[in-house]
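Q: Here is what each chain is made of, one letter per residue.
There are 2 protein chains.
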Amino acid sequence: MQMLDELKFDSNGLIPAIIQDYENNDVLMMGYMNREAVRRTLESGRVTFWSRSRQKYWVKGETSGHTQDVRSLAFDCDADTLLIKVVQKGGACHVGYRSCFFREVSPNGNSARIVGTKVFDPGAVYS
Amino acid sequence: MQMLDELKFDSNGLIPAIIQDYENNDVLMMGYMNREAVRRTLESGRVTFWSRSRQKYWVKGETSGHTQDVRSLAFDCDADTLLIKVVQKGGACHVGYRSCFFREVSPNGNSARIVGTKVFDPGAVYS
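From first to last, the protein sequence lines are chains A and B.
Taking my numbering, the leading residue of the first sequence gets 1, the next gets one more, and so forth.
Taking my numbering, the leading residue of the second sequence gets 1, the next gets one more, and so forth.
Where hints are given, some of them may not hold.
[Said to hold, decoys possible] Taking lysine to any residue pairs in the SDA-like style, the calculated list, with each CA pair at most 25 Å apart, reads:
#1 A:K8 - B:P122
#2 A:K56 - B:G109
#3 B:K89 - A:D26
#4 B:K118 - B:N24
#5 B:K89 - A:K8
Simulated from the structure, these hints should not be mistaken for lab results.
Everything numeric in this text was worked out from a predicted model, so none of it was measured.
Input sequences plus hints: build the corresponding full structure.
A: Structure follows, in structure tokens:
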């Protein structure tokens, strides 16, 4: 996995990973990976983050079943951000939406409206 | 701009902003904004980052002419990442590609191939 040597991890050893829907190009979420999480993601073909809050590896969907199967993994010109296209099962967002970006700010910045689609009941999935 | 109070900026006062092409949903780049950069972006309708390397505001395209006109600004469930859809003039990437994510890693992680489209000559644009 020589390409891992090209990537630039931040002072915490992390790189942000944008997760994009392979089917329709919607941006689903962003998470963080350390070098080992990138390696596991490539090796298993399943998106694996480093959870900053829980300080552990986090195979996306391990609790909910809403896994992300990798279709491609790209990196940017500065090699400090990843873009991963996935086949998303269910919803990416832990509050039940297909995408975590389900709120849009009004042009004057004073309010937000829901633009996302709720695809599951988090109470049923995570209980 | 009351929604700015909802956003969570990191210990450096920054929030990552994913920039997405309004026309075809391609992810073009990621940059960072402080609170004032988000305000300027909403007020002007033109993407304005905080440049971490130059420590100054950076209206995208101010040198190249490759501006990003805002069509929508969304934020995620944790309110710590922005997703901004834009109309991109020219190319987003300073090395001449339409998107900064122009290199894709092979499944075994050993090599990368160019998957992006070069749309301008950086030597001509930035000289």
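Q: For each hint, tell me whether it holds in the structure or not.
A: These are the hints, each one checked on the structure:
With a CA separation close to 23 Å, the supplied pair K8 (chain A) and P122 (chain B) stays within the 25 Å bound. Pair hint K56 (chain A) plus G109 (chain B) holds up; C-alpha atoms about 23 Å apart against a cutoff of 25 Å. The straight-line distance between the Cα atoms of K89 (chain B) and D26 (chain A) is roughly 21 Å, inside the 25 Å bound, and the hint therefore holds. The suggested pairing of K118 (chain B) with N24 (chain B) holds, with an alpha-carbon distance near 17 Å, which does not exceed 25 Å.
Between K89 (chain B) and K8 (chain A) the CA atoms are separated by roughly 28 Å; this puts the pair beyond 25 Å, and the hint is violated.
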